[in-house]
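Trainee: All chains, please: the whole structure from these sequences, using the hints.
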Amino acid sequence: MPGQSAHFISALPLTSQPLPYLTFLGRAGFSGFPSPAQDYEPCTLDLNTRLVKNPTATFYVTATGDSMEGWGIFEGDLLIVDRSIEPRLGHILIAMLEGEALIKRYALYRGSPHLCSSHPNYPPLLLEGSDCQLWGVVRAVVHEYLR
Amino acid sequence: MIGLVDANNFYVSCERVFQPKLEGRPVGVMSNNDGCVIARSTELKALDIPMGTPAFKLEGLRQRGEIHLLSSNYELYGDMSARLAQLLRDACPAVAPYSIDEMFVYLEGFTTAQCAALGQRLRQLIRRHLGLPVCVGLAPTHTLAKLANHLAKQDPRYQGVCLLNGQDHTTEALLKRTAVGSVWGVGHRLAERLAIGGVTTAWDLRESDKKQLRKGFSVVLARTALELRGTPCMEMNALEQPRQRIMTSRSFGQPTGVFAEVHNALRRHAQRSAEKLREQQSLARAVMVFLNTNRHRRDQLQYFPQALIPLPSPSDDTRVILDAVRQGLEQIYRPRYRFMKAGVMLLDLVDAEQHQLSLLHPPTRNRHPFLMATVDQINQRMGQGTISFGMTNAPAAWQLRCAHRSDRYTTRWDELMKVGTHPGATQACTSRTEPLP
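Quick mapping for you: the protein sequence lines, in order, are chains A and B. At position 23 of the first sequence the residue is numbered 256 (my numbering), and the sequence of numbers has no breaks. At position 118 of the second sequence the residue is numbered 1591 (my numbering), and the sequence of numbers has no breaks.
You may find that some hints are simply not true.
Subject to a maximum C-alpha distance of 30 Å in a straight line, what follows is the list of computed BS3-like cross-link-like pairs (lysine-lysine) [unchecked claim]:
hint, chain 1, residue 1, chain 2, residue 2
1, B, K1684, B, K1649
2, A, K286, B, K1684
3, A, K286, B, K1494
Listed next, with one range per pair, are the computed distances between beta-carbon atoms [said to hold, decoys possible]:
hint, chain 1, residue 1, chain 2, residue 2, range
4, A, Q366, B, Q1853, 51 to 61 Å
5, B, K1518, A, L341, 52 to 62 Å
6, B, Q1640, A, D279, 27 to 37 Å
7, B, K1518, A, F307, 51 to 61 Å
8, A, L341, B, T1585, 41 to 51 Å
9, A, L367, B, Q1593, 45 to 55 Å
Listing some non-contacts, in silico: residues in chain A with all C-beta distances to chain B over 12 Å [as the list claims (entries may be wrong)]:
hint, residue
10, C276
11, T277
12, T282
13, F307
14, K337
15, Y339
16, R343
17, S345
18, H347
19, N354
20, L360
21, E361
22, A373
Bear in mind the hints are in silico, worked out from the structure with no lab data behind them. Here the structure is a predicted model, which is why all the values come from computation and not from measurement. Note that beta-carbon positions come from the ideal geometry of N, C-alpha and C, so glycine has one too.
Mentor: Right under this line is the structure:
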């Protein structure tokens, strides 16, 4: 079968994932001129390959609340959470705190790692000594204007 | 080496990934239609609530908030199981799912130390990427790997990974304190017969004379004894089916991508599985359908989907199972793939006799026992497949009772986990939406 590239084989689809969109590699016709695009293998862009690097460890969640608006996360936004990423300072995380999942930014505050929000009502939370657990790292936010 | 990766309290663990408040709490998952408890967290086991306890008996505890009871959320469990299988396929040379929460991995060419390290790595990877706790048993044979896994679960000192090389003192000590009835494939009748001959522990069985085992019992038992010595002599398909699941799968003679061909194969497997189910007098609560492409053909598109369909009530009716198989196939079938293998697994089995006692949800079984028995008899006498079922009609919409089902976090866009930007944000959100009718 033409049109299969190694690319698709490595990105194994899961039942929960929409399947990669396959493009048909054909000639313009049986006779006549070959398509001028023939030498440029088309590979229609697929958001999955850009936003979902590790399908088995990627989960989608919905954001609620307004205290991360400063970082571009609004009520009802879709978050793409990749659990395989090692968290680093500056990342936005899903953290488990006292049985509740929270969206926070992992950042330095007064020289030590804190979980921060962008709202003055919620002061940064010192990580050291808290029983906070990492759930996943937010890879991207999808803010839909039309639904 | 062969590894057995087995998730701890799989259904409950899946729920906890998305409901962190359930961590450390006694949690039970109920069967379809919220009949009885089919999965328990460690904390619920500690309360001495046995498997199969009818849900109504626990209603008081639930209302007082002492325990959490959830309806089974098969879509979630099925998706997490598919992720687990995929993660293992990415990390190991070969993988064979054995049930929804148990998978064999084959580590040929690895040294013992490498196997032990990989076991730990898999365990950490699964915990981090999927949020699921698992234990890993490693050994030269399937039978020992199963025992190693059991030991890893029982004894916290192993930190979830136990390796038995078949010859060392650990193996010997373990086999000496393992009752022969707990060895894979040794049922409780067989254990009684063995006990008469003085064989009571797994070690006794291992040291028994092979020829006598073959003569007095069966070839399979002689092989089990060899497996306990660390000599691999059982293919996975030859292993005794655990009582909790029945699997029928086969490779196609010729890989195929045609829906009708795949469907036909699955229908055959479904009918065979249903026969096995009736033979052991069980009823199934859920049906899993899976397809595999040829993983050795790197030049072809790869796809290893599976779908899990819960049944409206526990059933051994071939027609009900065929309907579920068709639904499952429609969910996962995609054209353009060349499928190599297809299979049907019946899950969460329950004893037919025991289930008859349920008054609230009379089993559908009563309506057809003679039909099914007749079909089985004819097929036994005249050969497999003499009578089979034609196309069944589209099933009526199945309305499962699932008053306490959690959201289907990984398979439905409108049921994603809600995460707040500050403490209490999710509660504020639900209380805002709740008053609507």
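Trainee: For every hint, state whether the structure bears it out.
Mentor: Quick rundown of the hints versus the structure:
no.: 1; hint: B:K1684 - B:K1649; result: holds (22 Å)
no.: 2; hint: A:K286 - B:K1684; result: violated (55 Å)
no.: 3; hint: A:K286 - B:K1494; result: holds (29 Å)
no.: 4; hint: A:Q366 - B:Q1853: 51 to 61 Å; result: holds (55 Å)
no.: 5; hint: B:K1518 - A:L341: 52 to 62 Å; result: violated (44 Å)
no.: 6; hint: B:Q1640 - A:D279: 27 to 37 Å; result: violated (52 Å)
no.: 7; hint: B:K1518 - A:F307: 51 to 61 Å; result: violated (43 Å)
no.: 8; hint: A:L341 - B:T1585: 41 to 51 Å; result: holds (44 Å)
no.: 9; hint: A:L367 - B:Q1593: 45 to 55 Å; result: violated (19 Å)
no.: 10; hint: C276; result: holds (14 Å)
no.: 11; hint: T277; result: holds (15 Å)
no.: 12; hint: T282; result: holds (15 Å)
no.: 13; hint: F307; result: violated (9 Å)
no.: 14; hint: K337; result: violated (8 Å)
no.: 15; hint: Y339; result: holds (14 Å)
no.: 16; hint: R343; result: holds (20 Å)
no.: 17; hint: S345; result: holds (21 Å)
no.: 18; hint: H347; result: holds (14 Å)
no.: 19; hint: N354; result: violated (7 Å)
no.: 20; hint: L360; result: holds (16 Å)
no.: 21; hint: E361; result: holds (19 Å)
no.: 22; hint: A373; result: holds (14 Å)
Hint compliance for this structure: hints 2, 5, 6, 7, 9, 13, 14, 19 are broken, all remaining hints hold.
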